[in-house]
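Colleague: Spelled out from the first residue to the last, the chains are:
Protein chains: 2
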Amino acid sequence: MNKYVYSFNEGSKDMRDILGGKGANLAEMTQIGLPVPKGFIVTTDACNKYYTDGNVISDDIQNQIFTKLHELENATGKTFGSLENPLLLSVRSGAKASMPGMMDTILNLGLNDEIVQNLEQTNARFINDCYRRFIAMYADVVNGYDKSLFEEIITKLKQEKNIQADNDLTKEDMKQIVSEFKNLYHRLSGTDFPQDPKVQLLESVTAVFRSWNNERAIVYRKLNNIPDSWGTAVNVQQMVYGNINDQSGTGVAFTRNPATGENTLYGEYLINAQGEDIVAGVRTPNPISTLKEIMPNIYDQFYKYAKQLEEHYLDMQDMEFTIEDGKLYILQTRNGKRTTQAALKIVLDLVSENKISKKEAILRIEPNSLEQLLHPTFDPKELEEAKIIAKGIAASPGAATGKIYFDTEEILKRKDEKTILVRIETSPDDIKGMHQASGVLTVRGGMTSHAAVVARGMGKCCVSGCETLIVDEKNKTITTSNGDLFKEGDYLSLNGNLGEVYKGEVKTIDPNITGDFENFMNLVSSVDTLQVRANADTKKDAETALRFGAKGIGLVRTEHMFFNEDRILTVQEMILADTLEERQAALDKLQKMQASDFEEIFKVMGSYPVTIRYLDPPLHEFLPKTEAEIKTLAKLLKKNVTDLKNKIVSLKEFNPMMGHRGCRLAITYPEIAIMQTKAIIDAIVNLDKLGITVKPEIMIPLVGDVNELNYLKEIIEQELKSAMETKGIDIAYQIGTMIEVPRACITAGEIAKEAEFFSFGTNDLTQMVYGFSRDDAEKFLSDYYSKKIFNQDPFVTIDQNGVGKLMITAIKLARNIRPNIKLGICGEHGGEASSVEFFTNIGLDYVSCSPYRIPIAKLASAQAAIRNMEN
Amino acid sequence: MNKYVYSFNEGSKDMRDILGGKGANLAEMTQIGLPVPKGFIVTTDACNKYYTDGNVISDDIQNQIFTKLHELENATGKTFGSLENPLLLSVRSGAKASMPGMMDTILNLGLNDEIVQNLEQTNARFINDCYRRFIAMYADVVNGYDKSLFEEIITKLKQEKNIQADNDLTKEDMKQIVSEFKNLYHRLSGTDFPQDPKVQLLESVTAVFRSWNNERAIVYRKLNNIPDSWGTAVNVQQMVYGNINDQSGTGVAFTRNPATGENTLYGEYLINAQGEDIVAGVRTPNPISTLKEIMPNIYDQFYKYAKQLEEHYLDMQDMEFTIEDGKLYILQTRNGKRTTQAALKIVLDLVSENKISKKEAILRIEPNSLEQLLHPTFDPKELEEAKIIAKGIAASPGAATGKIYFDTEEILKRKDEKTILVRIETSPDDIKGMHQASGVLTVRGGMTSHAAVVARGMGKCCVSGCETLIVDEKNKTITTSNGDLFKEGDYLSLNGNLGEVYKGEVKTIDPNITGDFENFMNLVSSVDTLQVRANADTKKDAETALRFGAKGIGLVRTEHMFFNEDRILTVQEMILADTLEERQAALDKLQKMQASDFEEIFKVMGSYPVTIRYLDPPLHEFLPKTEAEIKTLAKLLKKNVTDLKNKIVSLKEFNPMMGHRGCRLAITYPEIAIMQTKAIIDAIVNLDKLGITVKPEIMIPLVGDVNELNYLKEIIEQELKSAMETKGIDIAYQIGTMIEVPRACITAGEIAKEAEFFSFGTNDLTQMVYGFSRDDAEKFLSDYYSKKIFNQDPFVTIDQNGVGKLMITAIKLARNIRPNIKLGICGEHGGEASSVEFFTNIGLDYVSCSPYRIPIAKLASAQAAIRNMEN
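Residue numbers (the working numbering), protein chains in the order written: chain E, 69 to 939; chain A, 69 to 939.
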């Protein structure tokens, strides 16, 4: 017989897979003697069995649950369903990975009319408060009814009685609320609120299992790459009460500051409240430091336990606690979510404190999380003049500027714009919108509110608890305390470091990458294996790349230089030329421009390699689209408007992604490849005079057949050789190809005969291997996620099973022919952690990514190297 | 030392690779004692060496040429350059494969002013006629000057003297022409016409080598899949003269009729002419049968040699002969080009005559050539009423109707229309146009004129020698003998079987496939291995498929039914539905329509398998494009025009080929897949009542990940299973996938776990493996051919090296998981001969192609089977 239910004293922290994170930690705390209310855990296996059994909890599992329940009755001396001394329970979900706010909790389970009626004699207000909470949570979690319907009843009552805080509600009020809640439940369900505690328990466990597959949970898992197959455990625990009297309370705290990493106890609490009051952000709580004054003993106890837990887990802990009538209980501990800044400081401190090794420190930082450090901050000059319209809690650091919208739907409609999501308080339904928006602004909620926790996890700037703002979600306006009005689409800026909200658009500047970041990256560099290069098109990019530790440039997209305002006309002249002479005249002009660009980049990069990709995009991308633009261009180029339009139309393509682009352009117009080669030569000659020797790597894009490469290689080498002869210089060039067409992978052996290096263009390769146009796939891929066909976006994380296999084939074929061939990758996957790990493992020589992602790539490859050492 | 030059008596017919076809046959005929003028052959190796040496004939090769020239002087008793008894030469190209009209010939080489002056004393007209021809050909072939400039001189002289035929030119006329030709040559080149015979010879050999890479030759090779690497040999041969007097003449003949295959000598000749006069179609020649009356001895000799050659080569021969002052010479023999009808009759006859085996007969028919038999002919009813406007020579059989154009350029501009190329006479420059046009009409030239030979080779309908028509190529008009005028763009119809030209458009009907064709296909069926199925979307297609011997349908494109005029509105209703209810209402209507289509097809195919592909193209393909169409549709659907436009715009895609199509549609809209499944069920239920049991194969398009298939398979199987239960019938269905996305090949093992069959969609697979959008690639692929990057069109002939390798990978992975998986292909390659051979060799179970290509696929697979038996 499988064991599906564990008492807390049967488990340990190493049993996360079956007990879930929360359950494993409750068990562990019990084992090490912390004051944890007693309870048991229904395992993740039980959850998975629930699904494979057709959404049914088997008799076997039911029996195991009731056996443990009976043990709990014995241990607590209370009886489930007893009128006098009833055992009341909390039922909480707990998956292997922490999923804050995603799963559901039911408190005070076990109450019914009879019990409440009996206990009213001693504490009527308290017991009715518990009952109304239970009814509302049960109705929400088990039946899926709208919480706000229940909340409205309370709000209405408070309005009628003209009171602000729930605490001011009397016992009569509570009784009335319970009565109205029960009526509402009856109206919604057609049945009475369930009175049998066993039914309440089984229904609640079922509801937790079911919640594993609610939409919010699925979205969260998708964003965090959590497999659907994990399932959730259910924690059933004796209730303790923070809302029993003023000697009671509840709070959450971190052993170190989750925003900065500072080594001080950090958190907040509410007197006479239950845990949900804090997490939901309904009341704004007090800082934990004030507890020292109010309840010094409790504070000292808590401080001791906090230190003990950190020592035990060797990581910063995020704890929940409840004080019941002067007695402290620890309800939960887990490794705390933190900002990346904090994460870096904490691992560096833990290394200093000799608590963890350097390798452990490197492994502990999620590489993709570094991104949030590498984002811009506000330009201090603009910041000085920025007008503060409100101040809230600095819930998640960073700087964001954008147009404000009041719901997720509107945000999702504006994927190309910078947006700010504004909400009174966010709920799990806002996750998609938060992911898309540049920043999040809420009126209610503290550091541990939903908005704050989720935003920090995403590395998204968030200002929460801006209580001076009046947000009208229906009419889509914000009114400030001064009476200033902001409407949907207006610009605001958020300072997640200071909790400030600024009027209008405030310019941002490059991030500061010194201090902890620099120290951590130095640690990383000590095990770095893969070479990390940057994709960089300008002098500025190249400089940024160097600053972040790039060892070369893996991709100069020459066409990006073509789009500059002062050049596009010459490019258009070249494309629209009617004769080779006209085209050559335009090319001559472009050659000068390109030469100076190359010269600048070469100069910055010094002896590091620079890979120059020849012209790639279809020519129509450079041409004007609108009637007016065409007319202007015709005038400038002194061409007939109709002729010009016809020419532009003739360049249009059905599927430009697979059209006349890449090496196909230079095959039709070799003069373009010749111009680009001459520009490289010119740059080299100029730098040669300054004593700077560069090693250009010439990269031909979109090769699918070795003959394409051969044709262009011959033309390019002819230019290079003739330049070397006539100018008497030596150019240590290499000629290689992008590998981005499936056929290039299949025929990589033949191509390797001619190419000195390969750079996998995984963006295009992914498009063609799947047959997905990236510009169009967004539309249907959302269905793929919701229908569980895909777990992750292959344009973000390399598809190891398809694209990856083809890469492995190509590598094998290529190294077979040319063992020392240089192999790299310059798609966006080059800056994504799990992809970089894969690239490290399949033996690439380098990855090239955007300058801001270099640290991520370096960290990911270092982690892969450490893991490979360990295996 | 390599041997680069061979005497005729040093070679044989088995030395085609180095001697070329013409040279090998001249050597062979010399060896078996036929009267062949003596000569020698410069090999194809010499041609290739010429190119690798940088377009130079090495000293070694020059020496070998002059050594053989000296031997030829000794053998003929004539001396090269002698005033009294000069050795005059013909220099002709000759590649391994016959390339009629593609390469260049120079006659009478060795003449110069001095020699002509000396020989004028005996036959002034003749020697000047020879000299003027030599100058013109040399100027054309060696210098590349426009032939028409020389022809104009003759035309002008004839006009001045008011004579029709060249034969009426006097010796003075000829002298004048020579003199004017020499002046023209001087004007064009700036130098005198070369007087040194050795220079003439070397320059001519060089010119032949060079002509291997002229544009016409490259086009011809591309159309005929001849590798560029073969090179051409050069035949240098003593001149004999058909233009010396009226006891002289020249002709060409076939041992059997090349149009019908009938076993009678067939050909034509001209008295007092040189060979080029016939081939060029300048004068209209006499049928060979009339030679019997004029020169009975010569005729008998020729007849004997013809029979001897056919016995020797065991195939129909195409011969050139010259009669010089009453003596017969055979100048060339080769296996004759023939129509496919003739080819079938000839191999069947040769089998009856016990000259070749059945297998040999099967191997001798080029599978792709069957296509010309399978094309439509005129509807006899329409033909009865068709108005004949001219009668010419039935140069190449078939029926063609289309708009007339007078040059290749105009034809190429109209790829989507049916066109007829009209020319006074065609030249090699017209090859591209002939390939594109539906038919070819010329005013001059007989059965062996350029137009006739090339058209027959292409299987293109051609009427030549329509001398009653006045064609004004400049003003682009045809005037008939009645004075009727036809302008560019007017419709004409050509009957290539009768040589008739009809006014307007004459409707065509399906081809007759009985007689020799049927007998031959029966022969083929005796060794057939691969199953051949048809791509068929309608009852009519299915019937045609059965008639051509299909053993099932490999592809029903369900969307083709959607495009019918009476259905498109319902399809649009479905696509533009605002609610699921609206969509379902439209789907219900479509279900009825699809069910009746499926029923018809199933009924025709009986127990043969029918593969139904679910909806594939992006939805926007079904929507109106123009403002007016949208307005009409809005009215019909009772929708707002702006809303409709927005919806249509929102469905637009950047790269529709890789967008929301294939299985991606049904994943977003499962109701479409459900509708199609229900339609299949409805059809099956109806047929079940008639006692007809069908075996549907349900095919999911564009699968790239097994989860896509799983998702839809579950939905479809649910419908099928529930139908089987509720309707109490048994459906022997299979569910499989198209394999057309590269990732499907790479992950074929996983997909094979779920798919009962694979059908390779090689059209899309080729697009994605190369990253070529077929709609756009045409533009740049022409550069690929001219720059020799590609030898063949991968959309016509399967790319064995890339796409093919991926197919092999997929087959291996799939059979590993599911050994009995059914594997087929339903791209257009399924009807192309060399591709079918490849598919046979890699072990596919079936190919599916358009009904008209079934015989081609059957023949190709039979040939592959025979070759595999032989190896």
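FYI, nobody ran anything at the bench for these hints, they're computed from the structure.
Hints should not be assumed to be uniformly reliable.
Note: identical chains are not told apart, hence a pair may lie in one copy or across any two.
Pairs of lysine-lysine residues, derived as DSBU-like cross-links and limited to a Cα-Cα distance of at most 30 Å, are as follows [said to hold, decoys possible]: (1) K873 <-> K821; (2) K880 <-> K250; (3) K455 <-> K575; (4) K471 <-> K555; (5) K117 <-> K781; (6) K856 <-> K290; (7) K781 <-> K873; (8) K117 <-> K266; (9) K847 <-> K619; (10) K720 <-> K483; (11) K471 <-> K713.
Colleague: Give a verdict on every hint.
Modeller: Outcome of the hint check:
| no. | hint | in the structure |
| --- | --- | --- |
| 1 | K873 <-> K821 | both (21 Å within a copy, 19 Å between copies) |
| 2 | K880 <-> K250 | neither (69 Å within a copy, 65 Å between copies) |
| 3 | K455 <-> K575 | within (13 Å within a copy, 80 Å between copies) |
| 4 | K471 <-> K555 | within (9 Å within a copy, 64 Å between copies) |
| 5 | K117 <-> K781 | between (61 Å within a copy, 24 Å between copies) |
| 6 | K856 <-> K290 | within (10 Å within a copy, 48 Å between copies) |
| 7 | K781 <-> K873 | both (28 Å within a copy, 26 Å between copies) |
| 8 | K117 <-> K266 | within (20 Å within a copy, 95 Å between copies) |
| 9 | K847 <-> K619 | neither (38 Å within a copy, 40 Å between copies) |
| 10 | K720 <-> K483 | both (26 Å within a copy, 18 Å between copies) |
| 11 | K471 <-> K713 | between (37 Å within a copy, 28 Å between copies) |
Violated hints, listed in ascending order, are 2 and 9; each of the other numbered hints is respected by the structure.
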